[in-house]
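Chemist: Take a look at the letters that make up each chain.
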Amino acid sequence: MDKSSSQRLPPLKRNWWLKHRFFKLYMLREATVLPLVFFTLCLLAGMVALLQGAESWQGWIAFMGSPIVLLLNLLALAASLFHAATFFVLFPRVMPLRIAGHSLPDQAIVAGQWAGVVMVALLFFWLLGRSGA
Amino acid sequence: MNTDQITAKRVSADSASTNSINTNNTSTKHISVKRYLPDNSAETFWQEYDLPVDDSTSLLDALNHIKEQLDSTLSYRWSCRMAICGSCGVMVNGIPKLGCKTFLRDYEGDIRIEPLAHFPVQRDLVVDMEIFLEHLAAVKPYLIDDNPVKPYDPQAPETYQQSPEQLARYKQFANCINCGLCYSACPQFGLNPEFLGPAALTLAHRYNLDSRDHGKKQRMAELNRHDGVWSCTFVGFCSKVCPKHVDPAAAVNQGKVEAAKHTLIALFKG
Amino acid sequence: MNMHKDDVQHKQAFDEPLWWGLFSAGGVCFAVLLPAVILFIAVLLPLGLLPAEALSYERASSLLFSVPGFLFIGAVVCLPLFHAAHRLRHGLFDISVGSDALNKKLMYGGAALLSVLALGIVVAGFLR
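Residue numbers (the numbering used here), protein chains in the order written: chain D, 1 to 133; chain G, 1001 to 1270; chain W, 2001 to 2128.
Be aware that a few hints might be false.
As the list claims (entries may be wrong) - Examples of chain W residues lying across from chain D (beta carbon under 10 Å, computed): (1) Phe-2040; (2) Ala-2042; (3) Ala-2085.
Everything labelled a hint here was simulated from the structure, so no lab data went into it.
The structure presented is a predicted model; accordingly, all values stated were derived computationally and were not measured.
We put the CB at the ideal spot given by N, CA and C, even for glycine.
Put together the whole structure using the sequences plus the hints.
Modeler: Below you can see the structure in the form of structure tokens.
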């Protein structure tokens, strides 16, 4: 088959996503990885500090407490929740689960994933949150 | 539905269409149409029309009214008037819609009508959909069964058997009417016209899920390309605009799972 | 027709399923694990809202430099990094920045490099 002879338009201009609310939300969803990368780099720095010794570890905790870092990490927390909200609803559409011939309702799958988020938070509380732990 | 009801419906429909301009709640609406008349000028321009509408006036009714009463030079496609033929797709205030399924009563203020986005315009609201048809053809959207279990015997013809469960697997994805709205909604197609796009990938998935079909391997060669399923980023607007609730975004992303399985199998087989 | 067949075979995207698989796994980790991880490590810890000994130097070391610590970093650093790399690569294509072939190498390469670094730190601390 020869290369198609049909006409092609030039690609969209790079500001295409500013023209509709739906596309702005899409870009916001994609941008949730930016604060995630920031947090990951912070975490990597913390791991290096932990490897270096007790003093660097305390220094890293102080660094994490500086207002701008704290603010960016709060943004990362918000981003992770927004990502979760957008990601969980996609799951049943990409992998519809069928049990005994019946497809599981989407809301059940979404609720199950949020239950996972809560479980992990409880696990962290059990591990780090109790005094005397 | 019995015959009386059908007759009654038809009569009321007829009276509605003959009186459509004179029934209650008639008002005047202003719509702008993006015009392109290549015989006169290479430039597009906006043309304004004022027309009488009531609660039942669809955008397609409005375009027909313009064509018949106000301006016979306006070009647009239409046929069935009931969201089956998929011909009357246009952009309404920047969102792809079927003219026959869009009602002017739902719009306050500006109504801007443009040809479907991401397709070359031929004239006014008529676009060139050749590229969409090429992408459709590429995924072989038909039952493929090169080696039927039993050869066809005219004395005892056998039909394909399919259970309701087997039908349920692909039924939703079989409702596509090829209107192309999803292509106008898809920024990835707008950025890269070689992307096979929502409807073609959905139809491929529909046949891959069909128990009567054995063409998955042939289609996978198309799906598992960069311009196949892998160009999709699950923007999801295709599913929002689909007039038949096919959910092409889900089909394309289920196609990614299938393409991943296909690749794993190919790797192990060498 | 054969030309087309060869063309299609040639264009098979054998790497994309890998990137998409890592992206999806990373997306699940980002959504399910990261809210709690960020809350506890990047908000409550620096604000002093955790019990003093919860992440003391000794406790943090024993938690991280272990087999569960290795798995934790895989799920909280490595997979989300590949998730981010995938979205950044497609995001750059969306706003027409750079070429996809180069962006791909930079993004996935960066994610791989940082992942090796993160897992390497855990192993180094474990062997110490």
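Chemist: Quick check on Phe-2040/W please, does its C-beta sit within 10 Å of some C-beta on chain D?
Modeler: Phe-2040/W check passes; min Cβ-Cβ to chain D is 5 Å, inside 10 Å.
Chemist: Are Ala-2085/W and chain D close enough, Cβ to Cβ, to be under 10 Å, as the hint says?
Modeler: 8 Å, holds
Chemist: Hint validation: Ala-2042/W versus chain D, beta carbon distance must be below 10 Å. Holds or violated?
Modeler: 4 Å, holds
Going through the hint list in order, the structure satisfies each hint without exception.
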